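Enquirer: Single-letter residue listing:
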Amino acid sequence: MIITRSLTKRFGSFLAVDQVSLDVREGDRYGFLGPNGSGKTTVIRMLLGLVYATSGQIEVLGQPMPASGPQVLAQVGSLVEGPSAYRHLSGRANLVLIDAAGPGGGRRSRRTRIEEALDRVGLAGIDNRAVAKYSLGMRQRLGLAAALLRAPRLLILDEPANGLDPRGIREMRDLMTALNQAGTTIFLSSHQLTEVEQLCTRVGIIDRGRLILQEDLAALQAPTGRIVVRSTDPGRVAAALDGQVQHRDGDLLIVAAPDPAALNARLVAAGIPVDELRPERRSLEDLVLSLTSAGADRVDRPAGPAAAAGSEPEDGASSGPEAGPGEATAADLTEGGSR
Amino acid sequence: MIRVELVKLARRPRNWVSLALLCGLPVLVAVFVAVTHLAPPPGQGPALLSDVLSSGSLYPAAALAIVLPVFLPIAVAVIGGDSIAGEAGSGMLRYLLARPVGRARLLTAKLVAVMAYVLTAVVLVAVTSYVTGILLFGSQPVAASPGGVTAPNIAATSLSGSGITPAELLLRILGAVAFIAVSMLGVGAIALFLSTVTDSSLGAALGALAALITSQVLVTLNSASAIAPYMPTRYWLAWLDFFRDPILWRNIDRGLAVQAVYVAVFLAAAWAHFATKDIAS
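Top to bottom, those sequences are chains Z and A. Quick note on numbering: the first sequence equals residues 1 to 339 in our numbering. Quick note on numbering: the second sequence equals residues 1001 to 1281 in our numbering.
If you are wondering where the hints come from, they were derived from the structure by calculation, not from laboratory data. Here the structure is a predicted model, which is why all the values come from computation and not from measurement. Glycine included, C-beta positions come from ideal geometry on N, C-alpha and C. Among the hints, a few may not be true.
What the hints assert, rightly or not - Among the chain A residues that face chain Z by a calculated CB cut under 10 Å, a handful are:
| # | residue |
| --- | --- |
| 1 | E1005 |
| 2 | P1013 |
| 3 | P1100 |
| 4 | D1199 |
Claimed, not checked - A few chain A residues that don't get close to chain Z, going by computed Cβ distances all over 10 Å:
| # | residue |
| --- | --- |
| 5 | V1007 |
| 6 | L1038 |
| 7 | P1046 |
| 8 | P1069 |
| 9 | T1165 |
| 10 | V1182 |
| 11 | A1224 |
| 12 | P1229 |
Chain Z with its partners taken away, still in its complex shape (with noise of 0.2 Å):
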């Protein structure tokens, strides 16, 4: 659904996306992940034509963009950027202005194709209103109703859960899967990991305009090889399993054994109290923040003699684990894993 090749956008010296190679399939469910300003929002907006890569091709539904705009956009739903509208006029007549400025759509079918995208976003009893006086939960609920109301078969969604509260959340999320199985493939970014956790599919991650990771959310998932073990008697676990022991934190202890029932098994006939026990699995918040640098909304002080007692060594491409270039593979990262 969407493909690039080395896309690589120059603002001034400013490199802002360094040969990005996104691979988005049919029916994903994709999460684009980064850190603010790593680039997310510039291939999102080259993705939709708006704004035009220095070089690298982008296909989008199996067609060149931005040649290709007219036709690929019109399948296309999207939200860049947070919801915009009309303040001054209600979420109806928005809704009204958008759909009769895009292509195809007839006018008589218009009114039903509104409310069927009010629905689904969970705005069908607005009044009206101006939008200048809707909260941020519900302007981001029109956004999406205008993003649906062609019935696109690509949705791209820069932050859609923004300014919604935990049940808007999860209204979301079960609109996008219900979505993604009618057949629309959804390609969202987000900071919210969690969310992406529940809702994706695939993961690209983005660290200062480089792709680093593009892998399905499964393999990521993988367990470790480790299993975690809380018992209420933690000190004679780490004497059962001597040597098997990794970490230890209170009544929690890593344990490297291949087979969780075994371990189990091993502890019970030792007699050790057993409250949890459950492979480990590396969660997508360890796996971003281990691949990415800080936020380009975070700005350290240099580096410099007076500074340097102070100052994180967390700057610098060659530093840690995850200096490889290129794109890194699941099982990369699943063994040099550390909590």
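Guided by the hints, dock chain A onto chain Z, whose structure is given.
Expert: Coordinates of chain A only, in the frame set by chain Z:
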């Protein structure tokens, strides 16, 4: 898309307020003149105003002369400056382009909307001031100009002093309306271009006004007389020549030619810039 833009234009309360102000100023002036019967002497104050006391049907021309120097250009610069920059500022530009609306189509629709506003404004001013003029000054006064001939079918006197029939006057007013509309289109084109350059509609409007003020200054400056004929405001008042007998076409033609060049150049620049621009708003 053109219809969408016209709907947007019409549903903006601000635009109606600006039209009301444009029509209101000449009415205010007319009331003062009618109450006091103190028109500025010929050659001073707004053009034609001194003739109005003698003939209310000439008031549309006087009204246009009142709004032309400041009010009308400001209104047009605001609308033109808002066209693209306003969409960028409200964040709707990215959604319109991703709809998708082609960039050339959007620009064309915006231009048509600016043209529609200009025409509405000029025609509304002419119509309301005609009504005001007839109500306050009457339509069949005595033509009392030097050399003017008093006759029943003479509705007004031209600037040259000879009489003009009502039908001819209507034609001349229409000509003046058209000329002013074209002049304002030049302002609109400059504002539209600036509107593609910046994301601030205020900046674009002020930029267009700055261009006009610069032009006014240079036109009056003797040492800049070499370039004065090419300034956008140089022939703005040439439509007064519609009210001479016979009509002096020389400056009218030049004015139209200058505006045509400005419109063509700035629209081309607007298109070239907008079509290749990264939309980062």
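Enquirer: Please go over all the hints and tell whether each is borne out by the structure.
Expert: Hints versus structure:
Hint on E1005(A) holds. Least Cβ distance to chain Z is approximately 9 Å, under the 10 Å limit. About 7 Å separates the beta-carbon of P1013(A) from the nearest beta-carbon of chain Z, less than 10 Å, and the hint is met. Because the smallest distance between the Cβ of P1100(A) and any Cβ of chain Z comes to about 4 Å, under 10 Å, the interface hint for this residue holds. For D1199(A), the shortest C-beta to C-beta distance to chain Z is roughly 13 Å, which exceeds 10 Å, and the interface hint is violated.
Its closest Cβ contact with chain Z, about 7 Å, brings V1007(A) to no more than 10 Å, contrary to its assignment away from the interface. At the 10 Å boundary, the C-beta of L1038(A) stays outside the reach of chain Z, the nearest C-beta of that chain being 43 Å off. Here P1046(A) stays apart from chain Z, with its beta-carbon at least about 35 Å from theirs, past the 10 Å limit. Consistency note on P1069(A): stated as away from chain Z, and its beta-carbon is indeed over 10 Å from all of that chain's, at 31 Å minimum.
No beta-carbon of chain Z is positioned within 10 Å of the beta-carbon of T1165(A); the least distance is around 47 Å. Every CB of chain Z is more than 10 Å from the CB of V1182(A) (nearest about 29 Å), matching its label as outside the interface. No Cβ of chain Z comes within 10 Å of the Cβ of A1224(A); the nearest lies about 37 Å off, and the non-interface call holds. Interface exclusion of P1229(A) from chain Z stands, the closest Cβ pair being 40 Å apart, more than 10 Å.
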